[in-house]
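Student: This is what each chain is made of:
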Amino acid sequence: MEAADEALMAAYSGGDAAAFDVLYARHRGALFRFVLRAVKSRALAEELYQDVWIRVIEARHGYAPTARFATWLYTIAHHRLVDHWRRHELVLAGEEQAAELAAGPASDPARRAEAREALERFARALEALPHAQREAFLLHQEAGLTALEIAAVTGSETEAVKSRLRYAVAKLKAATDHG
Amino acid sequence: MADHDDDLEVSRRYRELGPEEPPPALDARILAEARRAAQTRPAPLVPPTGRRRWYFPVAAAAVIVLAVAVTAQIEREQRPDAEALPPSAPPVETKKESAAPPAAPPKLAPRRPAAKPAEPQPGPAAPAAEMADKRAADAAAAGAPAAAARAPMQASNLAKVQSPEAELERIAQLRRDGKDDEADAALKEFRRRYPDFKIPEEMLRRVERR
Numbered sequence: 267m268e269a270a271d272e273a274l275m276a277a278y279s280g281g282d283a284a285a286f287d288v289l290y291a292r293h294r295g296a297l298f299r300f301v302l303r304a305v306k307s308r309a310l311a312e313e314l315y316q317d318v319w320i321r322v323i324e325a326r327h328g329y330a331p332t333a334r335f336a337t338w339l340y341t342i343a344h345h346r347l348v349d350h351w352r353r354h355e356l357v358l359a360g361e362e363q364a365a366e367l368a369a370g371p372a373s374d375p376a377r378r379a380e381a382r383e384a385l386e387r388f389a390r391a392l393e394a395l396p397h398a399q400r401e402a403f404l405l406h407q408e409a410g411l412t413a414l415e416i417a418a419v420t421g422s423e424t425e426a427v428k429s430r431l432r433y434a435v436a437k438l439k440a441a442t443d444h445g
Numbered sequence: 020m021a022d023h024d025d026d027l028e029v030s031r032r033y034r035e036l037g038p039e040e041p042p043p044a045l046d047a048r049i050l051a052e053a054r055r056a057a058q059t060r061p062a063p064l065v066p067p068t069g070r071r072r073w074y075f076p077v078a079a080a081a082v083i084v085l086a087v088a089v090t091a092q093i094e095r096e097q098r099p100d101a102e103a104l105p106p107s108a109p110p111v112e113t114k115k116e117s118a119a120p121p122a123a124p125p126k127l128a129p130r131r132p133a134a135k136p137a138e139p140q141p142g143p144a145a146p147a148a149e150m151a152d153k154r155a156a157d158a159a160a161a162g163a164p165a166a167a168a169r170a171p172m173q174a175s176n177l178a179k180v181q182s183p184e185a186e187l188e189r190i191a192q193l194r195r196d197g198k199d200d201e202a203d204a205a206l207k208e209f210r211r212r213y214p215d216f217k218i219p220e221e222m223l224r225r226v227e228r229r
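Respectively, the protein sequence lines represent chains A and B. Counting with our numbering, you get residues 267 to 445 for the letters of the first sequence. Counting with our numbering, you get residues 20 to 229 for the letters of the second sequence.
Derived from the structure by calculation, the hints contain no laboratory data. Backbone N, C-alpha and C fix where the C-beta goes; we use that ideal spot for every residue, glycine too. You can trust all of the hints, since none of them are fake.
So these bits of chain A aren't anywhere near chain B, every CB distance computed over 12 Å: (1) Glu268; (2) Val348; (3) Asp349; (4) Arg352; (5) Ser422.
Per label pair, the in silico range of CB-to-CB distance: (6) B/Glu28 <-> A/Glu324: 36 to 46 Å; (7) A/Pro396 <-> B/Glu39: 17 to 27 Å; (8) A/Arg321 <-> B/Ala79: 31 to 41 Å; (9) B/Ala44 <-> A/Thr341: 23 to 33 Å; (10) B/Gln58 <-> A/Ala379: 52 to 62 Å.
The shape of chain A in the complex, shown without the other chains (with noise of 0.2 Å):
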C-alpha cells in the first residue's frame, strides 16, 4: 500500500529525503501544468515552479497535516502566483505557443490540421479567461481539487469557485464547439 501524500511529507520533516523523493515525483506534472498554464512562460513557469518547491522545502517543519497535502500545495502555488501577478500585468501569449501546444500525431493532414485549430481555440479560450477562473479550472483539472479545496486554497467562498469553474467550463466548450 502507498504511503499518503501527508505520512511523505511528516516523514521528510523528520529528515527522510526519500520520502520527499517519492511525494515530488507524485506532483510534479501537474504542478508544473498548472503553473505554467497560469502564466503561459515557459521560462517564468519554471522559475515559479521551483520557487514553490522552495518553499515546501523551507516549510517542512512548520508542516501540519489538517488539511490534504495537495491542498497546502497548491495554496502555496496560489500565493506565489499571486505575488507574480501584483508585479507583472499577465501577458497572453500569442497564437504560435498555442499551436505548438496543440501539435500531436494525426495520419489524416486535413483532419490534422482541423484538429489542431479546435486545440488552438481551446487553448487561447484557455488563456483568455480571467485569472480566478482559470486558477479554478487549473487547480480541478490538475490537482484534482473539489470546490470546497479550491476555495481554501484561493481564500474564496465555495460559492463563488462553483461560480467561477460554471463561467470557465462553459467558455471552454463554447471554444470548443465553435468551429
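Please arrange chain B on chain A, whose structure you already have, making use of the hints.
Tutor: Frame of chain A, contents of chain B only:
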C-alpha cells in the same frame, strides 16, 4: 459545478493540450535542495539530561538571584532620599522635576540659584546636602545617570527647606527688594519655625523692618 457532460468534454480537450512536465535539470535542482535541507536539521529543543541536567535549575536560580540583587540595589538607592526628606517636604515637586522634559524645564531654571547660598552654610541641611551630593557621585560612578541627576536637585530642596541661614538670606533679599510685607511674614514664620535660633546681630539688621 458545471454540467457533467460539458465538464467531461472540456476535461478531455484540456488533456489534449499535452502532459507537459518540468525539465529533468529542474527536477534535479529541486531534489538536491530537498536532500541538502534534510541533512541540516535544527537543534533539538530537549532538556539536558545526565551530567548536564543541573543546567536549567542553576540558570533559573542565577536569574532569580540577579533579579533580587537588582531590586535590592534600587531600593537601597531610593530609601535615603525618602528618609532625608521631612514629612512636610513636597515630594510631588521632585516628581515633577524628574518628569519634566530635559529640553525645556522652565520651572527648574529659577530654582537652582535659590539653593546656591545653602552650600557653604553650616547647619542641619548641610550634611543632608552633602549626603545627597555623595549619593549623586556614587550613582554616577555606578552608571546610574538618572539617579545622579536627581540627587543634586533633592539636595537643593533640602537646603531650601531646612537651612535657617538660607531662609534668613531669602528674607534679607525680600527686604532689599522692598517687599516688606512679604519679608515680615517670612520672618514671622521663621521665628515660629526656629524659636531657639539666635539671629546674629548683623543679620537681624538686614531682615527686620526699619
